[in-house]
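Please arrange chain B on chain A, whose structure you already have, making use of the hints.
Number of protein chains: 2
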Amino acid sequence: MSDPVKFYFDFSSPYSYFAAQKIDFTVEACGRTCEWKPFLLGALFKVTNSQPLTTIPMKGDYCRHDWERMSKMMDIAWTMPDPFPIPTQAAARAFYWLNDDNPDLAKSFAKAAFARYFGEGRDITSADAIAEVAAPLGVDQDALLAAVNDDAVKQRLKDETAAAIDAGVFGAPFFIVDGEGFWGNDRLWMIKRWIKGEAA
Amino acid sequence: MSDPVKFYFDFSSPYSYFAAQKIDFTVEACGRTCEWKPFLLGALFKVTNSQPLTTIPMKGDYCRHDWERMSKMMDIAWTMPDPFPIPTQAAARAFYWLNDDNPDLAKSFAKAAFARYFGEGRDITSADAIAEVAAPLGVDQDALLAAVNDDAVKQRLKDETAAAIDAGVFGAPFFIVDGEGFWGNDRLWMIKRWIKGEAA
Numbered sequence: 000m001s002d003p004v005k006f007y008f009d010f011s012s013p014y015s016y017f018a019a020q021k022i023d024f025t026v027e028a029c030g031r032t033c034e035w036k037p038f039l040l041g042a043l044f045k046v047t048n049s050q051p052l053t054t055i056p057m058k059g060d061y062c063r064h065d066w067e068r069m070s071k072m073m074d075i076a077w078t079m080p081d082p083f084p085i086p087t088q089a090a091a092r093a094f095y096w097l098n099d100d101n102p103d104l105a106k107s108f109a110k111a112a113f114a115r116y117f118g119e120g121r122d123i124t125s126a127d128a129i130a131e132v133a134a135p136l137g138v139d140q141d142a143l144l145a146a147v148n149d150d151a152v153k154q155r156l157k158d159e160t161a162a163a164i165d166a167g168v169f170g171a172p173f174f175i176v177d178g179e180g181f182w183g184n185d186r187l188w189m190i191k192r193w194i195k196g197e198a199a
Numbered sequence: 000m001s002d003p004v005k006f007y008f009d010f011s012s013p014y015s016y017f018a019a020q021k022i023d024f025t026v027e028a029c030g031r032t033c034e035w036k037p038f039l040l041g042a043l044f045k046v047t048n049s050q051p052l053t054t055i056p057m058k059g060d061y062c063r064h065d066w067e068r069m070s071k072m073m074d075i076a077w078t079m080p081d082p083f084p085i086p087t088q089a090a091a092r093a094f095y096w097l098n099d100d101n102p103d104l105a106k107s108f109a110k111a112a113f114a115r116y117f118g119e120g121r122d123i124t125s126a127d128a129i130a131e132v133a134a135p136l137g138v139d140q141d142a143l144l145a146a147v148n149d150d151a152v153k154q155r156l157k158d159e160t161a162a163a164i165d166a167g168v169f170g171a172p173f174f175i176v177d178g179e180g181f182w183g184n185d186r187l188w189m190i191k192r193w194i195k196g197e198a199a
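Top line first, the protein sequences correspond to chains A and B. First residue of the first sequence? That's 0 in numbering that gives the first Met the number 0, and the numbers climb one at a time after it. First residue of the second sequence? That's 0 in numbering that gives the first Met the number 0, and the numbers climb one at a time after it.
Hints in this document: simulated from the structure, not taken from any laboratory. Among the hints, erroneous ones may be present.
Stated by the list, open to error - Just some of the chain B residues that point at chain A, by a computed CB distance under 10 Å: (1) Lys58; (2) His64; (3) Ile164; (4) Val168; (5) Asp177; (6) Phe181; (7) Trp182; (8) Arg186.
These numbers come from a predicted model, not from an experiment. Cβ coordinates follow ideal geometry from the N, Cα and C atoms, glycine included.
Bound conformation, chain A alone (with noise of 0.2 Å):
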């Protein structure tokens, strides 16, 4: 059996958000599985001297617009959130918690965790914010708390980080497929073709 897609996102990339709609249809209709792997956008950043998108001369103001007008032609809800951008290592602890357990659980929670930030507007920096995103979910919320909290959660979120990187994750959302890597919610359609061999 083939290695799962890996998906590489942050929860606080609004790029990220719209691919997180669609990326698992996407890859199932071509008979792969896909893998979420949340990382630190900021750590990268250090890595690469960059900074956040909206920080951006000219570029800023253009993907503030671009991520309405996205959102309108996805049909996906759409609310810039302040602040923005945020720390996501509540999110992404949480994720690696759940997921190891259960994907498919984990998966739920992000998707629950990006409509909260990016569809209603409302902060998830705080454990207290994801304790309640995961509510709903089933998930203990003392658990939960503990597990954001952790040495070992922490610091297994910093190796999901380094190996990104590692593996040649420049910005997010990112995808890996056997080894070939796509930046972009720009490229499910390249993503796509891959998959199916019809690349060259």
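Okay, now just chain B, sitting in the frame of chain A:
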């Protein structure tokens, strides 16, 4: 009659080369015309404090691979040129000089210049190289060489570059449809939908 869709590009931009293959057909299939507007990416980079893609850590390697992959998927000739990037003043000045009299000839010249640089990997920096590109199109060589060194033509390119930046162009390729900006070869699908009024 509607304003033409504007296609902003630099002759040294690989993604502009890819976009140039399709933009006229894409726009005309939606009942609109397309105006090509070369500008100097280097002048823009000074304003935005940006740098050529190939010099950016991680992203540079990705892009070199992506251009190869994109050329195969689009079935377009590709040779990674060396030197890259190059100054494109001669090409862009020749374009505007041709364009004032004959926009179709200017587009044919632009396609030939792109084909020589990115298709064959041959340099197009010098005025002599540009004259060679234009020769098979029946362009008078002495007149072209004079135009490339003409102060008014030089100023024209500076003005076009400044106007592009004023219009919000922050990269290449960039498209403006009735004031609405779109960045990147990846967004041709969105331009089609925008023109057809399927945006919201």
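Going through the hints against the structure:
1. Satisfaction of the interface hint for Lys58 (chain B) is found here, the shortest Cβ-Cβ separation to chain A being roughly 5 Å, below the 10 Å cut-off.
2. With its C-beta approaching chain A no nearer than about 8 Å, His64 (chain B) sits inside the 10 Å limit, and its interface hint holds.
3. For Ile164 (chain B), the interface hint holds, since its Cβ comes within 10 Å of a Cβ in chain A; the closest pair sits about 8 Å apart.
4. Proximity of Val168 (chain B) to chain A holds as hinted, the smallest CB-CB distance being about 8 Å (cut-off 10 Å).
5. For Asp177 (chain B), the interface hint is violated, the least distance from its beta-carbon to any beta-carbon of chain A being 14 Å, above 10 Å.
6. Against a cut-off of 10 Å between C-beta atoms, the interface hint on Phe181 (chain B) holds, since the closest Cβ of chain A lies about 8 Å away.
7. Because the smallest distance between the Cβ of Trp182 (chain B) and any Cβ of chain A comes to about 6 Å, under 10 Å, the interface hint for this residue holds.
8. For Arg186 (chain B), the suggested interface contact is upheld, since its CB lies about 7 Å from the closest CB of chain A, less than 10 Å.
Violated hints amount to a single one, hint 5; each of the other numbered hints is respected by the structure.
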